[in-house]
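Position chain B relative to chain A; hints supplied.
Protein chains in written order, with UniProt numbering: chain A, 1 to 442; chain B, 1 to 197.
Simulated from the structure, these hints should not be mistaken for lab results. Some hints could be false.
As the list claims (entries may be wrong) - Derived DSSO-like pairs (lysine-lysine); straight-line CA-CA distance at most 30 Å:
#1 A:Lys286 / A:Lys421
#2 B:Lys178 / A:Lys431
#3 B:Lys40 / A:Lys419
#4 A:Lys430 / A:Lys416
#5 A:Lys196 / A:Lys302
#6 A:Lys425 / B:Lys129
#7 A:Lys293 / A:Lys326
#8 A:Lys416 / B:Lys40
#9 B:Lys19 / A:Lys56
#10 B:Lys40 / A:Lys325
#11 B:Lys178 / A:Lys82
#12 A:Lys82 / A:Lys421
#13 A:Lys56 / B:Lys18
#14 B:Lys40 / A:Lys421
#15 A:Lys431 / A:Lys419
#16 A:Lys430 / B:Lys129
#17 B:Lys40 / A:Lys425
#18 B:Lys129 / A:Lys431
#19 A:Lys430 / B:Lys178
#20 A:Lys355 / B:Lys40
To be verified - Distance ranges between label pairs, derived from CB positions:
#21 B:Gly44 / A:Asp388: 46 to 52 Å
#22 B:Val145 / A:Asn223: 45 to 51 Å
#23 A:Lys431 / B:Arg132: 21 to 27 Å
#24 A:Met264 / B:Pro92: 49 to 55 Å
#25 A:Cys163 / B:Glu16: 43 to 49 Å
Just so it is clear, the structure is predicted and the values come from calculations on it, not from any experiment. We put the beta carbon where it would ideally sit given N, CA and C, even for glycine.
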Amino acid sequence: MDVFWAGALWALKIWLYLIILLIMIPSMFGFSLGISEIYMTILVKTLEWATLNIQKANSDEGTLKPSSSNGLIQRENGSMEKELEELRRSRPKPPVGGDFTLSDCFYFIRQGIESIVDDQVTQRFTSEELVSWNLLTRTNNDFQYISLKLTLVYGLGIIVRYCILAPLRITLTVIGVSWLVIGTSAVGLLPNWRIKFWLSELVHVMCYRICARGLSATIRYHNRENKPKKGGICVANHTSPIDIVILCTDGCYAMVGQVHGGLMGIIQRAMVRSCPHVWFERSEMKDRHLVTKRLKDHVNDKKKLPILIFPEGTCINNTSVMMFKKGSFEIGTTIYPVAIKYDPKFGDAFWNSSKHSMVSYLLRMMTSWALVCNVWYLPAMHQQEGEDAVQFANRVKSAIAHQGGLVDLQWDGGLKRAKVKETFKEQQQKKYSNMVGRLSDS
Amino acid sequence: MGSRASRLLREEEIEEIKKETGFSHSQITRLYSRFTSLDKGENGTLSREDFQRIPELAINPLGDRIINAFFPEGEDQVNFRGFMRTLAHFRPIEDNEKNKNPSATEPLNSRTNKLLFAFRLYDLDRDDKISRDELLQVLRMMVGVNISDEQLGSIADRTIQEADTNGDSCISFNEFIKASFVVNIHICTVVLVLVNI
Numbered sequence: 001m002d003v004f005w006a007g008a009l010w011a012l013k014i015w016l017y018l019i020i021l022l023i024m025i026p027s028m029f030g031f032s033l034g035i036s037e038i039y040m041t042i043l044v045k046t047l048e049w050a051t052l053n054i055q056k057a058n059s060d061e062g063t064l065k066p067s068s069s070n071g072l073i074q075r076e077n078g079s080m081e082k083e084l085e086e087l088r089r090s091r092p093k094p095p096v097g098g099d100f101t102l103s104d105c106f107y108f109i110r111q112g113i114e115s116i117v118d119d120q121v122t123q124r125f126t127s128e129e130l131v132s133w134n135l136l137t138r139t140n141n142d143f144q145y146i147s148l149k150l151t152l153v154y155g156l157g158i159i160v161r162y163c164i165l166a167p168l169r170i171t172l173t174v175i176g177v178s179w180l181v182i183g184t185s186a187v188g189l190l191p192n193w194r195i196k197f198w199l200s201e202l203v204h205v206m207c208y209r210i211c212a213r214g215l216s217a218t219i220r221y222h223n224r225e226n227k228p229k230k231g232g233i234c235v236a237n238h239t240s241p242i243d244i245v246i247l248c249t250d251g252c253y254a255m256v257g258q259v260h261g262g263l264m265g266i267i268q269r270a271m272v273r274s275c276p277h278v279w280f281e282r283s284e285m286k287d288r289h290l291v292t293k294r295l296k297d298h299v300n301d302k303k304k305l306p307i308l309i310f311p312e313g314t315c316i317n318n319t320s321v322m323m324f325k326k327g328s329f330e331i332g333t334t335i336y337p338v339a340i341k342y343d344p345k346f347g348d349a350f351w352n353s354s355k356h357s358m359v360s361y362l363l364r365m366m367t368s369w370a371l372v373c374n375v376w377y378l379p380a381m382h383q384q385e386g387e388d389a390v391q392f393a394n395r396v397k398s399a400i401a402h403q404g405g406l407v408d409l410q411w412d413g414g415l416k417r418a419k420v421k422e423t424f425k426e427q428q429q430k431k432y433s434n435m436v437g438r439l440s441d442s
Numbered sequence: 001m002g003s004r005a006s007r008l009l010r011e012e013e014i015e016e017i018k019k020e021t022g023f024s025h026s027q028i029t030r031l032y033s034r035f036t037s038l039d040k041g042e043n044g045t046l047s048r049e050d051f052q053r054i055p056e057l058a059i060n061p062l063g064d065r066i067i068n069a070f071f072p073e074g075e076d077q078v079n080f081r082g083f084m085r086t087l088a089h090f091r092p093i094e095d096n097e098k099n100k101n102p103s104a105t106e107p108l109n110s111r112t113n114k115l116l117f118a119f120r121l122y123d124l125d126r127d128d129k130i131s132r133d134e135l136l137q138v139l140r141m142m143v144g145v146n147i148s149d150e151q152l153g154s155i156a157d158r159t160i161q162e163a164d165t166n167g168d169s170c171i172s173f174n175e176f177i178k179a180s181f182v183v184n185i186h187i188c189t190v191v192l193v194l195v196n197i
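Just chain A, same shape as in the assembly (with noise of 0.2 Å):
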């Protein structure tokens, strides 16, 4: 028996030093001995093999898919006015009081049924479907069995990522977390000299770089002569909390959230102590003034690091941008837009926190093929002479959405658990009323 655990702490040992070897110290220092280059090549040829082979199989069988990019229904996209017009042209010339006809109702019928059937914003809040299986259980959803040679590979990589690639990634990822919060506790020590400002960036960076390995994260950064300086805020599109880690092994910034107990707390509290992150108590977030304000007073530091903060509010598929909070644009600062988009074939890094808790979420992304995703700095934005804070941030984000490809929708991201607010309706209600003519005037 002695025997037996003698051999498994001295595995352990070797396990680990391999690991700090070839994967920590490169990654934090930021060259590549390129394994992990070596994996993507052999996991892309894989890919691209089974597509080719389910495809064949699904052509065979006749099996057709809805063309992703247009949805799934062919729609006018025309406007109320010229639909209704359009319903009207048959109608004898209408009569003095007021434009009504019976049919006029097919139109909303028809928009009814349009979102019965394909709706723009339900499908932003789960897991974008895939063109194509990628060999992993969770995206599966009508297996049929296609031939031996593709369950093996299956059957392969499930092999490959729970017993190998799983704890290796645990493994990275405690050891990344757990160097943060010594490292800039140990930093929070120093007195305020320049060389505390300059240590306290590297450890962030480097443990943000072990982290990154940890998920196995493949990151393409674009035109980064737009990275974010100081004294401005960053924002970017929220796909889950690993954007944080995804921006950051690449530039240091100052978080903003919510204060929270366990883990994050502590995380958070050590953060704090080597340099300044805005962290809110529960209830001074409902204060806005109290957070416009803390907000200004960071950005007007020129000391402080750029502010990164998510204004869609919430986790959002990676299918679109949804609405931008107006709050971080009524700051008056200049703002770094950038677009973060997920390659959703290596893996889904979409959070769903209704279906998921974080725990759960980061054990599926340890245990997916890998994680690949581009990174646009977009150039700096201000806010314009006669622009409101709603308007500069519909324009911010139309300009995330065209870089990244990713639809630019109006709608809110808290219908995500809240009602549509009453007054859409009103708005439809108000512009049918004036094609009927006759407005009250009260």
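This is chain B only, laid out in the frame that chain A set:
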């Protein structure tokens, strides 16, 4: 999407729905995915709340009536068969269907059935006539608070006057068909786009 269907659709069921509604195999499986993604309670049926969760439907002035059309008399849940049966009304009319066996029952998506769907939206008490009150109710839903009672009343009166041919101050289904002047029925169709990947 992305979630496992809580219960997979059996081949026999797909065949039955195909016969009843005329949707193709792929269309049925695709709409089943949609059905399960709306079914938050995962019990194989949809309630009115499940429909209300679609924002674009919730802001539709006739949203409540449209949702109502899915639920049979007095029931609060609709299963997949019922869901498909209602959606079948909006399938486009294909040319080869027009010349099918004339003695077979009329397909759900025939021109008459499409118009009947709209008629039933107005005719809440199912007495096969649209009364002045029923017309006013729907008008009020569509215009909200923007038109006064008197003006709305006169619009309703004028509409009934124009449409009513047998003098009973109500609009029957035949009168409705003539009065709605719908020549191009494609207004009442929803076209599903499915491609070969």
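Results for each hint:
| no. | hint | in the structure |
| --- | --- | --- |
| 1 | A:Lys286 / A:Lys421 | holds, 20 Å |
| 2 | B:Lys178 / A:Lys431 | holds, 27 Å |
| 3 | B:Lys40 / A:Lys419 | holds, 15 Å |
| 4 | A:Lys430 / A:Lys416 | holds, 26 Å |
| 5 | A:Lys196 / A:Lys302 | holds, 16 Å |
| 6 | A:Lys425 / B:Lys129 | holds, 28 Å |
| 7 | A:Lys293 / A:Lys326 | holds, 15 Å |
| 8 | A:Lys416 / B:Lys40 | holds, 13 Å |
| 9 | B:Lys19 / A:Lys56 | holds, 29 Å |
| 10 | B:Lys40 / A:Lys325 | holds, 27 Å |
| 11 | B:Lys178 / A:Lys82 | holds, 23 Å |
| 12 | A:Lys82 / A:Lys421 | holds, 26 Å |
| 13 | A:Lys56 / B:Lys18 | holds, 26 Å |
| 14 | B:Lys40 / A:Lys421 | holds, 21 Å |
| 15 | A:Lys431 / A:Lys419 | holds, 22 Å |
| 16 | A:Lys430 / B:Lys129 | holds, 28 Å |
| 17 | B:Lys40 / A:Lys425 | holds, 24 Å |
| 18 | B:Lys129 / A:Lys431 | holds, 29 Å |
| 19 | A:Lys430 / B:Lys178 | holds, 28 Å |
| 20 | A:Lys355 / B:Lys40 | holds, 11 Å |
| 21 | B:Gly44 / A:Asp388: 46 to 52 Å | holds, 48 Å |
| 22 | B:Val145 / A:Asn223: 45 to 51 Å | holds, 50 Å |
| 23 | A:Lys431 / B:Arg132: 21 to 27 Å | holds, 25 Å |
| 24 | A:Met264 / B:Pro92: 49 to 55 Å | holds, 53 Å |
| 25 | A:Cys163 / B:Glu16: 43 to 49 Å | holds, 45 Å |
Hint violations for this structure: none, all hints satisfied.
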